[in-house]
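In order, the protein sequence lines correspond to chains A and B. In terms of numbering that gives the first Met the number 0, the first sequence has 78 at position 79, counting the first letter as 1, and numbering is strictly consecutive. In terms of numbering that gives the first Met the number 0, the second sequence has 19 at position 20, counting the first letter as 1, and numbering is strictly consecutive.
Because the hints were derived from the structure by calculation, they are not lab data. Treat each hint with caution, since some may be false.
Unchecked claim - For lysine to aspartate or glutamate, the following EDC-like pairs were computed, each having C-alpha atoms within a straight-line distance of at most 20 Å:
(1) A:K146 x A:D177
(2) A:K277 x B:E227
(3) B:K51 x B:D202
(4) A:K10 x A:E287
(5) A:K183 x B:E53
(6) A:K179 x B:D109
(7) B:K217 x A:D121
(8) B:K234 x A:D301
(9) A:K284 x B:E236
(10) B:K101 x A:D108
(11) A:K284 x B:D238
(12) A:K314 x B:E245
(13) A:K277 x A:D199
(14) B:K233 x A:E287
(15) A:K314 x B:E253
(16) A:K170 x A:E31
(17) B:K217 x A:D86
(18) B:K234 x A:E304
(19) B:K217 x A:D123
(20) B:K233 x A:D285
(21) A:K141 x B:E219
(22) A:K284 x B:E245
(23) B:K105 x B:D202
(24) B:K153 x A:D177
(25) A:K179 x B:D148
(26) A:K141 x B:E222
(27) A:K141 x B:D20
(28) A:K141 x A:D86
(29) A:K179 x B:E145
(30) B:K217 x A:E287
(31) A:K179 x B:E222
(32) A:K141 x A:D121
(33) B:K233 x A:D301
(34) A:K183 x B:E227
For reference, the chains in residue letters:
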Amino acid sequence: MAKVLVIADIKNGALGSSTTELLSKAKAIGAETAVVAIGSGIDGLIPNLAGAGSDTQYVADDDSLAMFSAGPFAACVVDAANQFGADMVWFGFSESGKAAAPRVAAQLDVACATDITDVILDGDQIAIVRPAIANKVMQRVKINTAKMVAVIRAGAFEATEGITGSENVVKLTAPEADLKAVIKEILTDASGDIDLADADIVVSVGRGAKNQEGVDMVKGLADDLKAGFGSSRAMVDGGFMPHNKQVGQTGKIVAPTLYMAFGISGAIQHIAGMSGAKVILAVNKDPEAPIFNLADYGIVGDLFEVVPILREEIKKVRA
Amino acid sequence: MKILTTLKKVVDVELTINVKDGAIVEDGLQYVMNAWDENAIESAVQLKESSKAETTLVSIGGGDNSEIIRKAYAMGIEQGIHVDDPALAKADSFAFAKVLQKVFEKGPYDLVITGKQAQDTDSGQTGILLAEALGVPCVSNVIAIETLDDQNIKVSRLGDAGTEILEVALPAVVTVSDSINEPRLPQLRGIMMAKKKKIESMDLAGLGLTSDDVASPKSEVVEFMATEARQAGKKFEGDAASITAEVVGLLASEANVF
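Next comes chain A alone, as it looks inside the complex (with noise of 0.2 Å):
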C-alpha cells in the first residue's frame, strides 16, 4: 500500500480546502496516509486534521514556524517523510508549496513534479498528468524514481464527503532557524478577503473597467456574493489591483465552481489561470473578447451597465 504524506495548508490558523482534496484522493487511492503541520500554536488543527483523512498527524509546532521560510519548512516535511517513510510527499498548490517542494525532492533524492492534475498509480510505477506551456498542452510524464514529490492544482481532486482517519500524533522537532535567509517583515494582506485558491466563486476585473470606480464596483458584487477578487494583469499592472490578486499562468491559479470575468478580453496567460473553473461568465462590451470563446455564458455589454443589475438578479434568485 502506497503512503501518501499531504502537506496541511494552514493560513491564518486555518485549513485551506487543499488539505482535505489531497487526503480524499490519498484515500481514494487506497494509500496510508499522514499529514504535516507546520506553524506555530496550530495544535488544535490536530482534531481537523484526523477528520480529514489523516491516519498519522506530523506536528512541527514551534515559536520560530511562525512566518513561512521555505529552509525550516522544508526541513520539517523531509523529517516526517523519513519518518513515515512516504512514498509520495504532496503539497497544495501554493507559493510555499512551490518555493518547498523541490527543496525536499532534493533532500530525499527523488523526482518532483510541479502543478499536477492527475497522479496515476500502476504497480510501483508512478506517472502524474500536468498541464503545459500556459495550458496550451497536458503532458504525461514518468516518475522514474521508486517515490517522488508533488505539487497539485487546486481543484484538480475533490474533497469527499465523510473520510475519516484516526488521532495519531508525532510531534517534530524544530529544524535550526536558518540564520542565512532571515525573514524581515511579512506584509500581510489585510483586507480579509477570501483566499482565491479556496474560492467557490471568484470574481475578476479586468481592463473593461478602466478606473478604481469601476474596479470598487466589481468588487461590490464580489462582497455581495463573498467570491474571491481577482484581477488579469493589465490591472496589477495599472496599479489597480496587488500582485497577489492576480489571475493567470503567472499568478494565482484558480478552480472555482463560477468564475465572473468582468472587462477582461482573455489572454492566453490569464486564461491558463481560470480555465478549470466549473462554470465561466463573461462580462465584455467587444463581441469578439477571445473570452467568449470559452464562457459558458457571455454578456456582451458594458460592465458599468450590467454589474449593477446582476447584483440585483442575483439578489432576487438568492431571496
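Start from chain A and add chain B according to the hints.
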C-alpha cells in the same frame, strides 16, 4: 560582484500549439527568450548599472541559441555562455541544475538571478534545485530587489500571506516573477554591438560532467496530449437589463451555481 543569469529558449506561447501522436508538431513553431528570464536579465542589467556588477548569462541546450543570447547582449548583459550537448536531450530540472552548478563554480558568482519558471514547462524548479545543489539560500517568486551589498541581498517575494521581505546571505539564488520589472527593448546601438560579441560555447566535458551525469532523468515526459478545449457557450447581446436577468436565471437553474 559577479551576477549569473539564466536564459532558456522556449516555444512562443502566443502561437497555436498542435499535438499529434503524443508529440508536439514542430511545424510552424517559433522560439523566443523565456519571458521570465527576460525579467531576470533586466534585473541583472539594472544591478550592473546601479552597482557596477559584472553580468554573465548561461543558456543550456536548444541548439542554436545565438539569437536570444545576442538579444540579452543588446539589453546589456556582458558575457554569454552556451552549454549544449546531445546528452542534454532528456535532461530534467535536476540535470539542468547540475549543469548550472558547474557553470556557477567556474565563476564563482555572488548572485544567480533566474526566471521563476520557463514558459514551456511551467515547472519552476531549476533555480531552487540549483540553490540546493550549491547549498546556498534561495528566494523564489521575487517581485523586488530592495538592496544589494557585498554580503547580502534583500528582496521582496510574493508569498501566500502577502509580501515577504527577506535578507539572504550571498552567494544566493533568486527566481523572479514578471512583476519585478518591465524588460527594456534593445536599442539599435546595443543590437549592433551585440552582433560582434563572442558567445562562449561549452559541452558537458568542458564542465567536468559526463553524459551519465545528465542522462538518467528522475522524470520524463512520455506523451503530450491536446488540452480539452472548452466550448463557447451561450452569448447574449441586446438590452442589458433583459439579457442580464436571463443569464442570472440560467446560472441559477441550469448551472446551479446560486
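Now for the hints, and whether the structure bears them out:
no. : hint            : in the structure
1   : A:K146 x A:D177 : 27 Å, violated
2   : A:K277 x B:E227 : 13 Å, holds
3   : B:K51 x B:D202  : 30 Å, violated
4   : A:K10 x A:E287  : 40 Å, violated
5   : A:K183 x B:E53  : 28 Å, violated
6   : A:K179 x B:D109 : 14 Å, holds
7   : B:K217 x A:D121 : 17 Å, holds
8   : B:K234 x A:D301 : 14 Å, holds
9   : A:K284 x B:E236 : 10 Å, holds
10  : B:K101 x A:D108 : 19 Å, holds
11  : A:K284 x B:D238 : 13 Å, holds
12  : A:K314 x B:E245 : 14 Å, holds
13  : A:K277 x A:D199 : 10 Å, holds
14  : B:K233 x A:E287 : 14 Å, holds
15  : A:K314 x B:E253 : 17 Å, holds
16  : A:K170 x A:E31  : 19 Å, holds
17  : B:K217 x A:D86  : 14 Å, holds
18  : B:K234 x A:E304 : 17 Å, holds
19  : B:K217 x A:D123 : 15 Å, holds
20  : B:K233 x A:D285 : 15 Å, holds
21  : A:K141 x B:E219 : 5 Å, holds
22  : A:K284 x B:E245 : 18 Å, holds
23  : B:K105 x B:D202 : 14 Å, holds
24  : B:K153 x A:D177 : 15 Å, holds
25  : A:K179 x B:D148 : 15 Å, holds
26  : A:K141 x B:E222 : 9 Å, holds
27  : A:K141 x B:D20  : 17 Å, holds
28  : A:K141 x A:D86  : 15 Å, holds
29  : A:K179 x B:E145 : 17 Å, holds
30  : B:K217 x A:E287 : 44 Å, violated
31  : A:K179 x B:E222 : 41 Å, violated
32  : A:K141 x A:D121 : 11 Å, holds
33  : B:K233 x A:D301 : 17 Å, holds
34  : A:K183 x B:E227 : 44 Å, violated
Violated hints, listed in ascending order, are 1, 3, 4, 5, 30, 31 and 34; each of the other numbered hints is respected by the structure.
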